[in-house]
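Peer 1: Residues per chain, in single letters:
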Amino acid sequence: MTVELLPDLVLCVLLLVVAWSALFASTRRDAMALFVAFGMIVALVWARLGAPDLALAEAAIGAGLTGVLLLRAARKLPVSSARRFDYRRHLGALTFIVVAVSGFAVSIILPSPADITANNIDSPVAAAMSDSGVSHQVTAVLLNFRAWDTFLELLVLLFAITGLRQLFPIEKESLEPARTWQLLVSWTRTLVPLLLLVGGYLLWRGSSGPGGAFQAGALLAAGCVMLRITGMLPPLHWSSFAVRGSVCAGTLLFLCTAVLTHSLGAGWLDYPEAHAGTLILMIETLATLSIAIILTLLVAGERKDLCS
Amino acid sequence: MNDALLSLVTPLVAALIVLTGPAMTPRRASVVVLLGSALSFAAALLALQTVTASGATQTLNLGGWEDGLAIRLRLSPLSALLLAFTALIHLLAGLYARFSRFASGDDFWVLSAFLHTALAALWLSADLFNLYITLELIGLAAVAMVALSGPKAYQAAADYLLLSLAASMIYLLGVVFLYSEYHTLDVMQLASVSADSARTRLALALITAGLMLKGALWPLHLWLPAAHAGAPAAVSALLSAVVVKGPLFILWLVWTEVAPADLAREVGPMVATAGMIALVAGGWAAMRSPYIKVLVAYSTVAQLGYALMALGLLMSWQIPQMHIALWLFVIAHGLAKASLFMAAGEMQGTLGTRRLTGLRGATQTVPIAMFAFAVAGGSLIGLPPSGGFLAKWVLLEPILSQPQNWPWAFGILLGTLVSAAYIFRVVVLAFDRATINPPDTRPHLMGHWLALLPALIVWGMALLGEQLIGLLAGGGV
Amino acid sequence: MTPGTLVDILSWTLMAAGICFYLTGALGLLRFSDFYCRLHAVTKTDTLGLGFLALGLAIASGSLHTACYIFLIYLIAMASAAVNGQLLARYKLEQEQSKDDS
Amino acid sequence: MILVQMMRWTSLLPVLIILSSLIPALLIFATPENAARRRTILNLGGIVIKLCLVLLMLLGVSQGLRFRFEVDFLPGASLVLQGDALSLQFVTLSSILWLATTIYAIGYLQKSQLKSRFFGYFSLCVSATVGIALSGNLITFLLFFELLTLATFPLVVHRGTDAALKAGRLYLVYTLSGGTLLLMGVALLHSITGTSDFIPGGYVSGAVEENRFALMAAFALMIVGLGVKAALFPLHGWLPRAMVAPAPVSALLHAVAVVKAGAFGIIRVVYDVFGVETGIALGLTPVLMLAAAFTILYGSIQALRQTDIKRRLAFSTVSQVSYITLGVAMAGPTAAIGAVVHLVHQGLMKITLFFCAGNMAETLGIHRIQEMDGLGKRMPLTMSAFTVGALGMIGVPPIAGFFSKWYLGLGALESGNDAMLAVLIGSSILNAMYFMPLIYRGWFAQPPTAGWPEDNFKKSRFETHWMMLLPPLFTALLSLLAGIFAGSLASPLGWTEFIISQEFAL
Amino acid sequence: MSSLAANSIILYLLVAVALVMLGLYGLLVLKDPIRRLIAINIMGSGTFLTMIAFARRQDPPDPILHALVVTGLVVAISATAFALRLILAARESREAAASGSTEAEDE
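Residue numbers (our numbering), protein chains in the order written: chain C, 1 to 308; chain U, 1 to 477; chain Y, 1 to 102; chain R, 1 to 506; chain P, 1 to 107.
These aren't lab readings, by the way, just hints derived from the structure by calculation.
Some hints here could point you the wrong way.
Claimed, not checked - So these bits of chain U aren't anywhere near chain C, every CB distance computed over 10 angstroms:
id	residue
1	P26
2	A56
3	A261
4	L263
5	E266
6	G268
7	I277
8	W284
9	R354
10	T357
11	S401
12	Q402
13	Q404
14	T435
15	H444
Stated by the list, open to error - Facing chain U, a subset of chain R residues (Cβ under 8 angstroms, in silico):
id	residue
16	D72
17	L172
18	A187
Note that beta-carbon positions come from the ideal geometry of N, C-alpha and C, so glycine has one too.
Please model the complete structure; the sequences and the hints are all you need to start from.
Peer 2: Here it is, written out as structure tokens:
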């Protein structure tokens with residue numbers, strides 16, 4: 001029994017230790033670095049728990065882009081002095097967690113561990129897969145059964161970027177121009193095509209296997225961020241229609257399909273059987289484009305991108 | 001149902017037009033967004049009319065899939081009324097922002113249209129995870145709007161966003177525990193299947209904690225004054241009038257439909273007591289705050305106490321009057337608070353001071369804004385014939401019918417006195433003729449009159465009190 | 001000694017070697033005082049460790065298809081480790097030079 | 001439903017009476033400060049229209065017509081305006097006195113600023129008072145009761161000095177908490193018996209058996225809520241301090257509108273909501289009687305101790321208004337006549353006294369009683385009006401005050417509580433003790449050798465501005481006529497007998 | 001990859017709850033906004049871990065929960081990015097306001 005549980009145990013201990021130190025690290029930069037490591041371990045745990053889509057997404061979004069965000073923030077922040085080891089805080093945290101987890105275990109798990117892990121009802125998704133237009137269940141749920149969630153999802157990204165535009169009120173002298181090393185430029189030149197290739201593959205693969213709009217978008221965003229940082233990509237001026245158009249492309253298309261399916265088809269977001277697959281692919285492509293641009297602006301957007 | 005979705009989509013289309021439109025100056029953006037709000041208001045009224053005529057709540061499975069799978073939208077008389085209410089508040093706040101000098105930055109229009117869409121999505125949704133995303137949308141839009149008023153509000157906006165994210169995570173955890181037991185996220189299916197088990201209790205506790213933190217309900221309200229006071233006038237009007245009511249709607253939805261009845265009856269008194277304490281604590285804090293907009297923000301916390309008490313009593317007694325009282329409060333408070341914040345913003349801008357002492361002699365320097373403040377304050381206190389009085393009357397009726405419930409009536413009495421205290425604290429200062437604080441700039445009358453408009457509407461609510469009560473009597477299901 | 005157990009023994013030994021190299025790398029990271037030594041320790045040993053690990057896994061997987069996958073992954077990992085090492089060292093050097101002359 | 005009623009003039013009239021002072025109020029708010037002529041026209045026009053409408057209604061009621069207007073407001077409780085005999089008496093009283101006070105106020109505020117704001121709130125307050133008089137059920141009464149508080153507050157703090165603001169805050173604390181208690185009482189009663197119109201004899205008798213305790217609680221809440229405005233003993237604190245307001249404000253508000261609204265409310269609650277029998281059955285009226293009696297004595301004793309004229313008049317109002325509560329609480333027909341007629345007489349006499357006090361303060365700067373020596377020589381007309389008012393308050397015939405005290409005494413004997421007769425006599429003696437010195441100083445003492453503190457209006461033909469002199473004389477004459485022609489039907493006493501005959505169905 | 005043994009799902013559930021509680025504690029105790037943001041992200045990972053652990057109770061794992069986690073992830077990244085930029089802007093405006101004073105150490 002324990003041998004079979006060993007890998008999970010190792011991962012869990014690793015997860016908790018890294019999370020703990022990410023929170024209570026001595027300096028702020030250590031905390032950020034450890035949090036990126038935490039993101040990687042979470043991706044591993046999810047892969048272990050049989051969720052390849054999520055492992056991909058977590059690695060690309062959670063560890064990748066959040067890592068870039070944090071490290072760019074670290075560059076702007078002054079080096080904070082190391083905090084003395086505060087055993088009181090650690091003790092408090094330990095008791096808080098032990099009490100909560102044991103309470104949860106006693107009240108929820110112990111009385112009936114069986115029905116916690118019972119898998120009596122198989123999800124209705126399998127039955128409705130036949131006329132969903134795609135063969136991979138997660139993508140079917142995301143883009144067909146719960147398409148309204150994904151539409152609001154794209155809105156969340158749109159809200160975030162509109163919100164970000166408020167944070168550059170005053171014309172400040174921009175950071176000193178990042179002098180780029182030739183090594184970095186050549187490395188970007190090799191890596192970005194690869195990212196584009198993998199992103200495209202993930203997008204196409206989404207309909208039949210793990211992958212999809214969000215993971216592909218994240219990878220493309222990573223590529224754009226590298227280009228943007230090394231200065232090879234000119235600033236994405238918000239005033240140009242291309243940038244604004246692509247930012248709203250995903251939402252606009254989703255909205256049009258919703259309205260069209262209502263007026264012409266059977267009902268809101270009720271895709272016609274024959275074209276469900278192609279419609280989903282179209283929506284996914286434009287969604288990937290929007291996600292890539294928005295994530296790039298979120299991570300590497302400066303005043304000259306967003307406000308000029 | 002189509003009108004309701006039209007009322008949801010119109011502001012979104014307006015926002016997208018403003019975002020992608022060529023050479024979109026703030027003036028042109030305001031016209032597009034105001035048109036969007038007006039259209040959305042008309043569509044909401046149409047939806048209200050159809051749903052009350054047919055009498056039954058309409059549901060729509062998005063995408064045509066069967067119940068367990070698809071996200072289900074629901075249009076009940078209550079949600080139609082809330083749609084109309086949100087559109088009206090956005091119209092009023094938009095008009096005010098359009099003509100007043102102190103309203104907001106230029107991106108106000110896109111964000112207010114987005115906020116309107118998110119709220120409409122929340123009122124219509126009957127799926128717990130979908131409600132999580134709409135909560136997140138509202139949180140992001142609200143934070144972005146608080147940040148509109150420049151760098152001095154960033155700290156408050158950051159705290160607001162952090163707490164709102166934490167609250168959403170706690171809410172999501174609760175939803176997941178419910179899903180793990182009943183395998184459905186749809187509110188109506190949950191209503192028929194939910195039982196009183198340990199996991200359901202934990203889930204409901206988590207959901208309630210998350211929503212109370214997000215909706216600034218009493219014990220978890222500390223982030224609200226800084227955020228609402230820091231925001232520009234039109235934004236704080238929107239925040240206090242409508243945004244804070246989203247989590248309250250979900251709390252009501254969860255405790256009256258998803259939770260089993262006897263569990264709700266057990267928790268009811270606690271919620272009502274929290275409401276009563278909120279009434280007094282919020283009022284006491286408002287009385288002691290030296291800043292105008294912080295006073296108005298704390299009065300939001302206090303007035304939410306009324307709504308919380310109505311919800312608590314609805315849960316423990318399961319009678320329709322409490323349902324009517326709860327939603328009358330929400331609407332009356334929304335309109336009154338919108339006018340109060342706009343008037344406070346105008347006075348603060350014209351007299352050039354954030355402190356209360358700067359209001360001396362306001363009846364001479366900024367008469368119309370002060371009149372708007374007093375009239376809106378009158379509805380908050382619940383003076384007849386205002387909307388606040390209507391709601392308080394409907395709340396008092398069932399409480400006073402049995403002597404053993406009279407302590408709640410005492411709570412309401414205390415709440416009324418406390419709210420009278422902090423409203424008239426401002427009004428009395430305004431009548432001071434000895435040391436008048438001269439205005440910095442010439443008062444901009446258009447802004448003052450627009451600040452007065454919602455207050456007059458809330459006082460006119462008494463005329464259509466019967467229809468409102470008849471509409472809400474359907475029990476909201 | 002059936003071929004199966006031979007493959008197992010071989011892959012396990014290779015993986016064990018890989019893990020040893022990782023351990024030495026980690027030890028180097030902790031023990032060395034200077035930035036450049038620690039950087040040196042980490043990049044060198046991790047790449048080598050990864051190589052052994054990849055080889056062991058490729059043999060254990062038994063199918064050529066996955067072996068090629070693993071080899072491709074190894075290539076990219078090696079390239080990125082080398083570039084990162086270079087960039088970190090160069091950045092550190094420039095920081096020290098700017099500190100000396102300022 | 002509303003439109004149908006608009007057709008019939010009998011239901012339109014009550015609304016018109018209220019609008020006749022509401023619309024001028026809004027127009028006056030809008031008139032600029034210097035348009036004095038337009039403001040005066042609006043004021044006087046409003047009064048004349050209102051008086052004609054009231055006259056029309058008086059004729060209608062005496063011929064037995066019913067005036068009723070209804071618009072639905074709350075579930076089970078609609079806003080009702082109706083003109084029955086009792087409400088008409090109060091409406092006529094407040095309209096006539098509003099005429100006198102407006103003329104007085106125009107003269108009084110000649111040189112001060114913010115006149116538009118003052119007269120706007122002034123007519124708003126009168127429309128609230130008329131609304132209280134015409135209200136047909138408890139909900140409408142509560143509505144106008146709260147509006148009266150909001151309309152009178154700006155008048156109390158009109159001067160805007162710190163003292164005025166302090167008095168205003170105190171006024172608000174008392175009246176708003178009173179209003180909330182009244183709201184609780186009305187809501188409690190509504191939950192027990194539902195809201196029906198005011199019916200002579202009350203509509204609560206049916207529910208006495210099972211929720212006896214709740215009815216007593218409702219009665220107590222309502223009486224305390226109304227008691228604040230009727231200045232019953234523990235709740236009277238705001239009245240003396242509100243004297244800091246300008247003279248016309250203290251004249252109309254604290255002699256007629258606010259205080260009388262409280263007393264009128266008590267009359268409505270005891271007679272038309274609970275009814276006399278239920279009042280006795282629940283054992284409530286004796287408690288009220290004791291409170292009223294104590295307030296009468298307390299008010300008179302406090303008045304004795306005051307040195308400032310207006311504060312002495314304020315405390316005398318506190319005790320005089322409790323005469324009305326006393327009469328109502330004694331639950332006999334004659335006592336009721338005494339109470340209701342005292343409502344009118346006290347209004348006429350007290351307003352005369354306030355006008356004269358205002359004249360003295362404005363013309364000669366006299367505020368304290370010692371400064372009144374030899375006033376008769378300098379301002380004979382004002383002093384004679386003051387004397388008529390003071391003697392009337394003491395109860396000297398033929399001035400109106402005597403009749404109400406006479407009926408109250410008779411009622412006390414008739415309903416068997418002789419102690420109340422002793423209280424009435426005691427308070428009359430106290431009245432004499434605190435009014436006689438003023439009259440003596442005015443007529444018989446020597447004017448101050450160093451001259452009066454101020455001496456303006458020297459150039460005007462009369463002793464002071466004619467618009468400040470005419471109203472006190474007019475009201476003094478009225479109180480005399482009300483006394484002399486007490487027997488005829490046209491007088492307040494005659495009309496009260498008509499009311500009480502309906503009330504007690506004799 | 002058959003459905004994991006029951007008690008490994010329980011193990012992951014316990015760890016997930018521990019992560020949520022750790023994040024909540026961090027949010028309550030820490031004062032530095034960036035660390036509080038990290039705490040919230042840890043809480044988010046904990047919640048998503050519960051979802052995936054519950055999804056793992058059946059074979060193949062429940063796709064609805066996986067879709068929810070994907071949606072949750074994107075919400076988390078956009079909110080975190082906006083929160084981080086907001087915190088940095090707040091810090092800059094505070095420093096601009098208190099320009100010249102030593103960098104207030106708000107650990």
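Peer 1: Against this structure, judge whether each hint is valid.
Peer 2: Hints, one by one, checked against the model:
Here U:P26 stays apart from chain C, with its beta-carbon at least about 13 angstroms from theirs, past the 10 angstroms limit. No Cβ of chain C approaches the Cβ of U:A56 within 10 angstroms, the least distance being about 19 angstroms, so the stated non-interface status holds. Taking the minimum C-beta to C-beta distance to chain C, about 22 angstroms, the non-interface status of U:A261 holds against the 10 angstroms cut. Consistency note on U:L263: stated as away from chain C, and its beta-carbon is indeed over 10 angstroms from all of that chain's, at 15 angstroms minimum.
At roughly 17 angstroms from the closest C-beta of chain C, the C-beta of U:E266 stays outside 10 angstroms, upholding its exclusion from the interface. For U:G268, the non-interface assignment is confirmed: its Cβ lies about 22 angstroms from the closest Cβ of chain C, beyond the 10 angstroms cut-off. For U:I277, the requirement that its beta carbon stay farther than 10 angstroms from each beta carbon of chain C is met, with the minimum near 26 angstroms. For U:W284, the condition that its CB be more than 10 angstroms from all CB atoms of chain C holds, with the nearest at approximately 31 angstroms.
The beta carbon of U:R354 is kept farther than 10 angstroms from every beta carbon of chain C, the shortest such distance being approximately 20 angstroms. No Cβ of chain C comes within 10 angstroms of the Cβ of U:T357; the nearest lies about 30 angstroms off, and the non-interface call holds. Chain C leaves U:S401 outside its interface by the beta-carbon criterion, the shortest separation being 39 angstroms against a cut-off of 10 angstroms. The beta carbon of U:Q402 is kept farther than 10 angstroms from every beta carbon of chain C, the shortest such distance being approximately 36 angstroms.
No Cβ of chain C comes within 10 angstroms of the Cβ of U:Q404; the nearest lies about 34 angstroms off, and the non-interface call holds. Listed as outside the interface, U:T435 is consistent with that label: its C-beta sits roughly 36 angstroms from the nearest C-beta of chain C, beyond the 10 angstroms cut-off. Against the 10 angstroms criterion, U:H444 stays outside the reach of chain C, whose nearest CB is about 23 angstroms from its own CB. At its closest, the beta carbon of R:D72 sits 5 angstroms from a beta carbon of chain U; the interface hint therefore holds under the 8 angstroms criterion.
Taking 8 angstroms as the C-beta cut-off, the interface hint given for R:L172 holds, the closest approach to chain U being about 5 angstroms. For R:A187, the interface hint holds, the least distance from its beta-carbon to any beta-carbon of chain U being 4 angstroms, beneath 8 angstroms.
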